[in-house]
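For the record, the sequence lines run as chains A and B. At position 43 of the first sequence the residue is numbered 43 (the numbering used here), and the sequence of numbers has no breaks. At position 72 of the second sequence the residue is numbered 72 (the numbering used here), and the sequence of numbers has no breaks.
Hints are computed from structural coordinates only; laboratory data are not their basis. Just so you know, nobody snuck in bad clues.
A short, non-exhaustive set of chain B residues, derived as facing chain A with CB atoms under 7 Å: (1) 55; (2) 56; (3) 57; (4) 72; (5) 77; (6) 78; (7) 86; (8) 88.
Distance condition first, Cα-Cα at most 25 Å in a straight line; then the derived SDA-like pairs of lysine to any residue: (9) A:53 <-> B:10; (10) B:80 <-> A:56; (11) B:80 <-> A:34; (12) A:53 <-> B:91; (13) B:27 <-> B:346; (14) B:280 <-> B:347; (15) A:53 <-> B:141; (16) B:27 <-> A:11; (17) B:280 <-> B:328; (18) A:53 <-> B:145; (19) B:27 <-> A:8; (20) B:80 <-> A:36; (21) B:10 <-> B:74; (22) B:291 <-> B:245; (23) A:53 <-> B:34; (24) B:10 <-> B:23; (25) B:80 <-> B:136; (26) B:10 <-> A:86; (27) B:291 <-> B:187; (28) A:53 <-> A:86.
So the derived label-pair ranges between C-beta atoms look like this: (29) B:104 <-> A:60: 41 to 49 Å; (30) B:100 <-> A:65: 51 to 59 Å; (31) B:42 <-> A:38: 24 to 32 Å; (32) A:38 <-> B:119: 18 to 26 Å; (33) A:71 <-> B:239: 55 to 63 Å; (34) B:136 <-> A:68: 25 to 33 Å; (35) A:87 <-> B:85: 18 to 26 Å.
Glycine included, each C-beta is placed from N, C-alpha and C at the ideal position.
Here is how the chains run, residue by residue.
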Amino acid sequence: MATIRFTSHLVRHRPAPMFTAAGATVAEVLQAGLADDPLLRGYVQDEQGRLRKHVNIYLDGALIRDRLRLSDAVGPASELYVLQALSGG
Amino acid sequence: MATLWVGSRKGLFRFDRAAEGWQQVGKPAFLAAPVTFVLDDPRDGALYVALSHGHFGCKLHRSDDRGATWVELPTPAFPKSDAPDAPALELIWSIVPAGADRPGALWLGTIPGGLFSSTDRGESWVLCSSLWNRPERSRWVGGGYDHAGIHSILVDPRDSAHVTLAVSTGGVWITRDGGDSWALGGQGLRADYMPPGQQHEPLFQDVHLLAAPACDPDRMWCQHHCGIFVSDDGGMTFRESLDVAPSAFGFAVAAHPQNRDRAWFAPAVKDECRVPVDAKLVVTETQDGGKRFTTHRNGLPQTEAYDLIYRHALVVDSSGAHLAMGSTTGNLWASDNSGENWQQLSTTLPPIAALAFAP
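Could you put the whole structure together from the sequences, leaning on the hints where they help?
Structure (structure tokens):
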């Protein structure tokens, strides 16, 4: 199960506790982990499933590469960190 | 007691008018979040606030207790597509009640140019595909934004199936069947930024705001990128108001709800300059259907004023006596005598995008 944490800047707008979820890609993990809160998912992805322009996701310490489909491979012990980009501030 | 909602770059502020005058009440809601539109629904007292977070996208919230608490609502969504440039919500630009005979129903306009409807007080949204799929939409272009958007939605109080939209830039669109079909209005508008031969093409018109008086919805006022225009047939055709001093350029217009011949405007220097003429902030008013204009300046700054009034930041209440105006400089004014005199309510607010009087 991968672990996902959210920046406190997002938590200020909507509760976003750390969670764990299964999935082979970043998109799958987000879909599984946020299935019960589609509004929270909307803070991370737009309605097309793309990563929001001014949001970054670090996967095991490195920025994900596929911002359109979030297809980066996730391992069973991966850690994802969702945070705001400086470009959006 | 009157209430004025102030949607700003840094949250939603509330002002109440008590015996001692207008006062800010409480702390701002959504502090630090840019507010792009405010609706105070006269049918059920619900408040709707649209936000545009810099990082986390556009959001929509509703309060059923006059702003004490808020519930986040789903945002409108564009059709799913695998195309890299598939449309996604960029801005919620207008939310209006869809008619007194349709409780809980709303229309919502966005950038990119989508019209959405809800029948359940914003709990779900449906894209109006009949407008979205019009072939002419491919020729809409952004006016100040990357993509075109719908900022004006006028529902005919006599017939809620009759709705008129304005698009920046994409002209004036009219439905008489609740959105099943659309006609392009706007004959007579003039776009001097277009090449010769295309300046009167209705599809290319950059309407900044469209307003109509409740007493006569066939009368429409258009603050256009290139001037002030008036319609007597619900936006199908317009005539231009000429020789408007100090400027016919601006974004905002407020229609007197009970007098079809009166409307207020907030002029600025055309076109990229967009500051008050001679750095003196004024409101212009016509009382004769757009033939002549009076300049109101009492109580407004007349030296070194660089305030711009955005399109949703000049509003009038249902009586026509009370107006409010907010600026990009964070100044807020109100008038209790139909614009003749203005009182400054604040000089220290964030840039103001939208105002709304409580009904």
